[in-house]
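J.: I would like the entire structure built from these sequences, with the hints used as guidance.
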Amino acid sequence: MNKSEWLDKYKKTLEKFPERKKEFLTGSAEPVNALYTPEDIGDHSNAKYDEKIGFPGEYPYTRGVQRTMYRGKFWTMRQYAGFGDAEESNQRYRYLLNSGQTGLSVAFDLPTQIGYDSDHTMCRGEVGKVGVAIDSLKDMEILFKDIPVDKVSTSMTINAPAAVLLAMYIVNAEKQGINRKDLTGTIQNDILKEYIARGTYIYPPTPSMRLITDIFEFCSKEVPKWNTISISGYHIREAGSSAAQEVGFTLADGVAYVDAALKAGLSVDDFAPRLSFFFNAHNDLLEEVAKFRAARRIWAHIMKTRFNAKDPKSLMLRFHTQTGGCTLTAQQPDNNIVRVAVQTLAAVMGGTQSLHTNSRDEAMALPTEQSVTIALRTQQIIAEESGVTNTIDPLAGSYYVEALTDKIESMALAYIQKIDDMGGVTKAIESGYIQKEIQDSSYKYQISIETKDRIVVGVNKYTMEEKTKGELLRVNPAVEKKQIEKLKNVKASRSSKDVEMRLAEIKKVAQGTGNLMPPIIEAVRDYATIGEVCGVLREVFGEYKERIVI
Amino acid sequence: MSAKIRVLIAKPGLDGHDRGAKVVARALRDAGYEVIYTGLRRTPQEIARMALEEDVDAVGLSLLSGAHNELFPAVIEELKKAGLKDVVVFGGGVIPEEDIPGLKKSGLGAVFTPGTPLKTVVDFIANNVKPR
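Residue numbers (the numbering used here), protein chains in the order written: chain P, 1 to 550; chain L, 551 to 682.
If you are wondering where the hints come from, they were derived from the structure by calculation, not from laboratory data.
Some hints here could point you the wrong way.
[Unchecked claim] Here chain L is said to cover these stretches of chain P; the calculated rule only asks that three of the stretch's residues, wherever they fall, bring their Cβ under 8 angstroms from a Cβ of chain L: (1) 238-244; (2) 363-370.
[Stated by the list, open to error] Beyond 10 angstroms from chain L on every Cβ pair, some chain P residues (computed): (3) E5; (4) G27; (5) A34; (6) N98; (7) D150; (8) K427; (9) D453; (10) M464; (11) K482; (12) K508; (13) R525.
Model, not experiment: these values are computed from the prediction.
All C-beta atoms in this analysis are idealised placements derived from N, C-alpha and C, irrespective of residue type, glycine included.
T.: Below is the structure:
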């Protein structure tokens, strides 16, 4: 029998037994056929296999960037955490490390992320809320007290002021007697997606890109094991994009960073091996696996053909994954544990290098310790019990998954091409194109829930009356006052003359073309605050004005 | 009739999550209202000033950072100072249920939490905001 003969029979069956719905769609609203066969994946001769799929650790890395993947070691289990002040967050980190977590991931509060000290008038109510409040090196010293930063890798979700937080991390390590060359970790440092989707920008694009390439250059010499950027699709997806848009827009951002670094005079193989990525994992398991595979293949191809990278490490798309925050429901919150388990499977079968699993209560508040433990245990169960880690890229060769990988690849490439034609990502952001594309997807998604074309269990089907949502974490409202008090003490105990001199030096370098990292390091060593350093840069660089698109 | 009602959708504080604010803005626009969106990082004073300048009938506040207990009442305070006592204020975001009574007491007409159908928000405006 061939496929068309089978389809004839299938259609006859449908006349008698119609399907559950007229149209079957992926999580990103792409149509799905009833059946996929070899005809859907084109030429799979050996030559094509090598070109499109290949082997783990080999170009084009569709099957994974490492040769042994999880047979060698599991992904890094890295829960994003931080709230209140440095003391409280330090306790949570030590709890997580004692529970078998293998890396740290620091959440900063919004004032820190936007480069304000805790006493700034804009920060009312926000201190310590979505992450830990850091004003100066003093807070950083407390945050990492009794944590061996030469052994634990640390990811910091920090973008516009990334240089300042990295400087504090380096100085804190050096004060512990640890060489900066031995530090491992990541700063997010991805400003483009802040303009697109996340909102914690400070400066306009041109000086922001300069700060980023300064960090690339500095780290390639001084902190060689540090991941200097985590090019993030996560927030683009959270803002409502489809899977293909997540890949297309994120890799277009990646192209912009490589272009900027080349323009700054760096050579591609000096910085490209330290580029890393960050993606979302949603509920449509197979679409998500295909997405990760497609992203790896596209990036390898771009780096090889467009940028002429020679070091295999420059071609490898290494990525962190977080499960989908916007898939969590406030209704029947324990159901979220199941969603997160499915999303964990997607990330793992998609070959992630590290993973954060969301907690069941995060549609309502920051997670409690108990909820975080379940989320971490979910990763450990998938790792140790599910069996999917026993072989590499277990879904390869599935006609559906390969067809979907090809499809997401071609859709993402079309976005990248379109952005190239517009003159690059910055232009596409300034014109509002990317934001509009995401908003259209997000609105359609919401409408599909309202019309029940898309079912969300507990929200528009299988709903029930709920009595209580259980215990939620509350950030102590006294944190703001306490933090402002601490800031005052730091300012009183440092040499204000030294700080002024250091800030003047930053200003001078910012007005010229030198690398900003060394003067920032010297300033934070003398306890200059984040608000002071970013304030000087605000004076020189100005501030970004959002293009409002609705 | 409803076309005359003007709604300001606002993002107080430092939170950058604007998916919900924008979806609500669009749904209200599709329902026939005039909608103005402030963009990110607005102070309570700026929101009140925009509400006054744009002559709105309702203000929708969106916040997912947990600062709602401080910032929502602060906006209401500023609206009062600006002489906008009759403007209907509603809010939404990641807001624990136990915070809702306090927010309503401070003057919010409604608080919409995750999973709320758009129709609920549109109906709230239709039932509570009368064109002047």
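J.: Could you tell me which of the hints above the structure violates, numbers in ascending order?
T.: Of the numbered hints given earlier, the structure breaks none, since each of them holds.
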